[in-house]
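Listed here are the chains, written in short residue letters.
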Amino acid sequence: MEITTIGIRGRFSTFVRSLFERFGIYIFLAILFITASLVSPDFLKPQNLKDILNQSAALGMVAIGQTFVILIGGGGLDLSVASVMSTVAVIMAHNTEGENSLFLPVAGICLFFGILVGLINGLLITKRRVQPFMATLGMMIIVQGIRFLYTKGMPKGGFPPILRFLGTGDIGSIPTSIVSLTIMVIIALIVLRKTTLGRQIYAIGGNIQTARLCGYNIDLTITVVYMISGFMAAIAGLYLAGWIGISDNWVGKGYELDSIAAVVMGGTTFEGGRGGVVGTIVGVLIVMMLYNLVLLLAMPVQMQYVVKGVVIILATSFYASFRRRVT
Amino acid sequence: MKKFVALMVVAAFVLTTMVITPMAWAQAFPRSWLWASTELKMMDTSKYKKRAPYVIGFSNASISNSWRVFFERQVRYGAELHGDVIKRFYVTDANDKPDKQIADVEDLLAKGVDLLIISAATMAALDPIITRTMRRGIPVVCVDRRVSSDNFVSFVTASNVAQGRAQMLWLCEMLGGRGEIVMLGGIAGSGPAEERRAGGEEILSAFPNVKVLDFQYADFSPAKGKRIMSALIQTYGRRIKGVWGDGLQTSGAMEAMKEAGMKVPITGDHLNAFLVRAQEWGFPAMSIDFPVSMGTDAVEVSLKVLNGEPVPFIYEVPRTVVCTQDTENVKTDMPWSKMAHPEWPDEAWNNTLPKKWLPY
Numbered sequence: 001m002e003i004t005t006i007g008i009r010g011r012f013s014t015f016v017r018s019l020f021e022r023f024g025i026y027i028f029l030a031i032l033f034i035t036a037s038l039v040s041p042d043f044l045k046p047q048n049l050k051d052i053l054n055q056s057a058a059l060g061m062v063a064i065g066q067t068f069v070i071l072i073g074g075g076g077l078d079l080s081v082a083s084v085m086s087t088v089a090v091i092m093a094h095n096t097e098g099e100n101s102l103f104l105p106v107a108g109i110c111l112f113f114g115i116l117v118g119l120i121n122g123l124l125i126t127k128r129r130v131q132p133f134m135a136t137l138g139m140m141i142i143v144q145g146i147r148f149l150y151t152k153g154m155p156k157g158g159f160p161p162i163l164r165f166l167g168t169g170d171i172g173s174i175p176t177s178i179v180s181l182t183i184m185v186i187i188a189l190i191v192l193r194k195t196t197l198g199r200q201i202y203a204i205g206g207n208i209q210t211a212r213l214c215g216y217n218i219d220l221t222i223t224v225v226y227m228i229s230g231f232m233a234a235i236a237g238l239y240l241a242g243w244i245g246i247s248d249n250w251v252g253k254g255y256e257l258d259s260i261a262a263v264v265m266g267g268t269t270f271e272g273g274r275g276g277v278v279g280t281i282v283g284v285l286i287v288m289m290l291y292n293l294v295l296l297l298a299m300p301v302q303m304q305y306v307v308k309g310v311v312i313i314l315a316t317s318f319y320a321s322f323r324r325r326v327t
Numbered sequence: 001m002k003k004f005v006a007l008m009v010v011a012a013f014v015l016t017t018m019v020i021t022p023m024a025w026a027q028a029f030p031r032s033w034l035w036a037s038t039e040l041k042m043m044d045t046s047k048y049k050k051r052a053p054y055v056i057g058f059s060n061a062s063i064s065n066s067w068r069v070f071f072e073r074q075v076r077y078g079a080e081l082h083g084d085v086i087k088r089f090y091v092t093d094a095n096d097k098p099d100k101q102i103a104d105v106e107d108l109l110a111k112g113v114d115l116l117i118i119s120a121a122t123m124a125a126l127d128p129i130i131t132r133t134m135r136r137g138i139p140v141v142c143v144d145r146r147v148s149s150d151n152f153v154s155f156v157t158a159s160n161v162a163q164g165r166a167q168m169l170w171l172c173e174m175l176g177g178r179g180e181i182v183m184l185g186g187i188a189g190s191g192p193a194e195e196r197r198a199g200g201e202e203i204l205s206a207f208p209n210v211k212v213l214d215f216q217y218a219d220f221s222p223a224k225g226k227r228i229m230s231a232l233i234q235t236y237g238r239r240i241k242g243v244w245g246d247g248l249q250t251s252g253a254m255e256a257m258k259e260a261g262m263k264v265p266i267t268g269d270h271l272n273a274f275l276v277r278a279q280e281w282g283f284p285a286m287s288i289d290f291p292v293s294m295g296t297d298a299v300e301v302s303l304k305v306l307n308g309e310p311v312p313f314i315y316e317v318p319r320t321v322v323c324t325q326d327t328e329n330v331k332t333d334m335p336w337s338k339m340a341h342p343e344w345p346d347e348a349w350n351n352t353l354p355k356k357w358l359p360y
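Each protein sequence line maps, in turn, to chains A and B.
Using my numbering, you'd call the opening residue of the first sequence number 1 and step up by one each time.
Using my numbering, you'd call the opening residue of the second sequence number 1 and step up by one each time.
It is worth saying that the hints were derived from the structure and are not from the lab.
Accuracy of the hints is not assured; some may be wrong.
Anything over 12 Å on all C-beta distances counts as not near chain B; from chain A, calculated [stated by the list, open to error]:
| no. | residue |
| --- | --- |
| 1 | ASN100 |
| 2 | LEU119 |
| 3 | ILE178 |
| 4 | THR182 |
| 5 | PHE270 |
Covered stretches of chain B, as calculated for chain A (at least 3 residues, CB under 8 Å) [to be verified]:
| no. | segment |
| --- | --- |
| 6 | 66-79 |
| 7 | 217-226 |
| 8 | 252-263 |
| 9 | 343-350 |
Yeah, the Cβ is synthetic: ideal placement off N, Cα and C, and Gly gets one too.
Model the full assembly from the supplied sequences, consistent with the hints where possible.
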């Protein structure tokens, strides 16, 4: 009798832990959402929620690319994304001068630029065996230098109305940027779950030796993953520029660390092979809700830093502790 | 004859008023070191007197933002203007890193400069090397940012405290001395941001019915300015009757207000994006500059030092104020439209550079 009871408790406990392991980040988001609603009545205002969504779009886009990179494992991360974001913003402003007619060709150049930076990152990592941290850090500095050479330190031009619409407009009552982010999330889900590339990414992240024995082209997959990250950073840079509306040399500043935090909070581990974009988007929402909440509560800047840091650590450890116990 | 002379004088005055452009009038306004509120400390520079031509070094903190790009060009332009007496003009860039700037200064000293101009990356870290430079008998002129000790000949600058005061005075008077406002500062802990905030808060003590709903740092970033202002609008909504800001963040804040359908008085500086958008969107606004032209002024002061002429220890450069609407104590130096240039890039600053020196 006693033995049976322990067994039930054990199964129940394992079930609860498994539940937290699978849905921990969603539970954390819900807790944060409810807490925010209780401590700040302004939080639930429709316009405030819309602002959070609008501001989450660019971070969500760049975090999708970052998810691919971190999933591949081997210490993969991309520090060059913020530099790419800032650079495509000034390329767009310089070359369109606010004209809609030039938007598509210049956007094409911007996306190509992002892919090119990703390609170089990938080649450095796979062919020259440079650690991802160092390769992408180096590219971050190089791209920053190129941007300053290009702008002579002073961006000029303006953004075409179509880009402003993408950054600030609505389709019905939904922000255009959120519609775009949703489409990108769906595409990323399909790529990760339904394509050979997706399977290879999880396989390489899970166990690179096994993946090699399976005949996967490891170097090619890693390079493609960094190209995807560069591509997503370029898209994110354009959306962010459209949202701000001012050509600035530091448009994407801080997005490299915010995107890594969102991905890891969302359950993608640095070891690779586990996680996905849905968790990442939840991580993005946590980051942006947090940034919004500390402002609504009129916290002084010193406390803002402390609260943001504590919540990011809590979210990550909350998730990780259940995962450890289950495994 | 007397009538004729009087008539000529009046005619000359009228003609002069007509031909001088508003900009020139504003620059001639003596809002300079002559108007320092305390007794001026004039520096005797006779011991630095040297025969031309000179070798001068300029150690710059960085060109990491558009203000600093214009400022650096103003320094170089100043050197070009005096090419007859300056044999060599060396420029170094420290990328905002104090350790690199110390090495830069050592390099410049090794090149045998007669005078050093410096815009210090940080006040404390550069102080020892500047003190050593002065001890070696090489005069140092600080510009834009000084070192922590008084071991230099002159500091060419514009008062951040006065800037904060002027912006807050205009805002409070625009509100008729009553209302609730928000303040958007620059980078937490940075000298300019803290000094401007302090100046603004000094004025608030004279307006007890103007309440600050919130103060937030926006890192001199338009993106952050927009994000923070969006949240503040959600919290305080129409209670916000004015916005005090001192830099690039105000252009982002204005975007957020426009999207929310709000149009309240706002302060900023002479960033073209702020000036143009305020005009385009019809915001009541006030702007005071932290002039990039102080770069050229620093070269002029340096040449006076090398010529043995006395110079002020703190050299306040002339600055301009523009308002879309005058208040009792803050008047515009010129029409707003003369300072806002829709044909210029967003990140351009009001300057005294000829075309070939413009970075765009």
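Evaluation of the provided hints:
No beta-carbon of chain B comes within 12 Å of the beta-carbon of ASN100/A; the shortest separation is about 18 Å. With a closest Cβ-Cβ approach of about 27 Å to chain B, LEU119/A is found to remain outside the 12 Å limit, as its non-interface label requires. Against the 12 Å criterion, ILE178/A stays outside the reach of chain B, whose nearest CB is about 15 Å from its own CB. With 12 Å as the threshold on Cβ separation, the claim that THR182/A sits away from chain B holds: the shortest Cβ distance comes to roughly 21 Å.
With a least beta-carbon separation of about 28 Å from chain B, PHE270/A lies farther than 12 Å from that chain, consistent with its non-interface assignment. Taking a C-beta to C-beta cut-off of 8 Å, the segment 66-79 of chain B contributes 4 residues in contact with chain A, enough for the three needed, and the coverage statement holds. Three residues within the 8 Å Cβ limit are the bar, and the segment 217-226 of chain B against chain A gives 5, so the coverage statement holds. Check result for the segment 252-263 of chain B against chain A: holds, 4 residues qualifying (beta carbon to beta carbon below 8 Å, three or more required).
Counting residues of the segment 343-350 of chain B whose CB lies closer than 8 Å to any CB of chain A gives 4, so the stated coverage by that chain holds, three being the minimum.
Figure legend: structure checked against the earlier numbered hints; every hint is met.
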